Amino acid sequence: MDERKSDNIADVIEKETSHMLSAVKAKLDVPDYMEIEPDRVFHPLLKPKRIIIRATIIHDSDKSK
Amino acid sequence: MIVTRVSKSRSKSIRQGDIYRNIECLEYIREEKGILEISKISYPYVMVLSQACDLRYDYQNRKDIEINPGKTQDKHLISALVVPLFNAGQFIRGEHLSELKLRMRSDMGWDSTEGKKVMNNQLPRFHYLKFPNEVNIVDSVLDFKHFFTISIEVLYRVRRKNFVCTVSPLFREEISDRFAFYVARIGLPES
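Just so you know, the sequences run in chain order A and B.
Okay, so the first sequence: first residue is 2 according to my numbering, each after it adds one.
Okay, so the second sequence: first residue is 671 according to my numbering, each after it adds one.
Because the hints were derived from the structure by calculation, they are not lab data.
Don't take each hint at face value.
Stated by the list, open to error - No more than 25 Å apart at the CA atoms, straight line, and that leaves these computed lysine-lysine pairs for DSS-like: (1) A/Lys48 with B/Lys787; (2) B/Lys831 with A/Lys50; (3) B/Lys771 with A/Lys50; (4) A/Lys50 with B/Lys800; (5) B/Lys786 with A/Lys50; (6) A/Lys48 with B/Lys771; (7) B/Lys800 with A/Lys48; (8) B/Lys831 with A/Lys48; (9) A/Lys48 with B/Lys786; (10) B/Lys815 with A/Lys48; (11) A/Lys50 with B/Lys710; (12) B/Lys771 with B/Lys815.
It should be emphasised that the depicted structure is a prediction, and the values quoted were computed from it without experimental measurement.
Working from the sequences, and respecting the hints, build out all of it.
See below:
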């Protein structure tokens, strides 16, 4: 990826994050001078996610080997 | 826009209008050549929309059986109906199901006629929820095309940890009424 494109992506992420943090601040009535840690702003960023778990079945007889 | 009234006090029973976080919907379990695969969807927030009295009698029946094990389990529920809450900001951009690789419509803005109708609950498919400040949930949208059931026993098991708030009676009744109206609609053939 060329550097300019990478910078653009970084700008977009920063802009989006800052936009969301401002919305959260407004919602929670947090004054502007206070910082919100992005990792604490869990609810506005979450979306339904698919989780796939794969596991190997071990039979009792295999365990004893 | 009307702010939805809620209560953060948790009752002993599961109620219509309860909102829970991190609720999983099991998609499938399959086994092939000794490998077990489980697929589930985790929803950040869901609202219970099972019938209010059914939930109350289920709870009462379970209590009665603790005292009198000979009683029937006639009022027991196996599952509860829940509707996911989608972040309104993600919804209007059509991105709310992007993690499931689903692209939803993104041509509505909040300033458009349709967007305003969503916000004012004038489209039967959607219900817009604006929460009071004491509840840390952003504005959300229910899409009545999306719902699933969860085992009521699983819900009782996680309710202490995952309960967020419950929507006050008049407001939850309105949601339930709109949901019932939407799922009961009949599409007639055009020709």
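Consistency of the hints with the structure:
Restraint check for A/Lys48 and B/Lys787: satisfied, since their Cα atoms lie roughly 23 Å apart, inside the 25 Å limit. For the proposed pair B/Lys831 and A/Lys50, the alpha carbon gap of about 20 Å is at most 25 Å, so the pair holds. Our distance criterion of 25 Å between C-alpha atoms is met by B/Lys771 and A/Lys50, whose separation comes to about 10 Å. For the hint linking A/Lys50 to B/Lys800, the alpha-carbon distance of about 23 Å falls within 25 Å, and the restraint holds.
The hinted pair formed by B/Lys786 and A/Lys50 fails the criterion: a straight-line CA distance of about 28 Å is larger than 25 Å. The straight-line distance between the Cα atoms of A/Lys48 and B/Lys771 is roughly 11 Å, inside the 25 Å bound, and the hint therefore holds. For the hint linking B/Lys800 to A/Lys48, the alpha-carbon distance of about 18 Å falls within 25 Å, and the restraint holds. At most 25 Å may separate the alpha-carbon atoms for a hinted pair to count; B/Lys831 and A/Lys48 meet this at roughly 20 Å.
Among the hinted pairs, A/Lys48 with B/Lys786 is consistent with the structure: their alpha-carbon atoms are about 23 Å apart, no more than 25 Å. In summary, the hint linking B/Lys815 to A/Lys48 is supported, as the alpha carbons are separated by about 17 Å, within the 25 Å threshold. As the CA atoms of A/Lys50 and B/Lys710 are separated by approximately 8 Å, the hinted pair is consistent with the 25 Å bound. Between the alpha carbons of B/Lys771 and B/Lys815 the distance comes to roughly 17 Å, so the proposed pair stays at or under 25 Å and holds.
Checked against the numbered hints above, the structure violates only hint 5.
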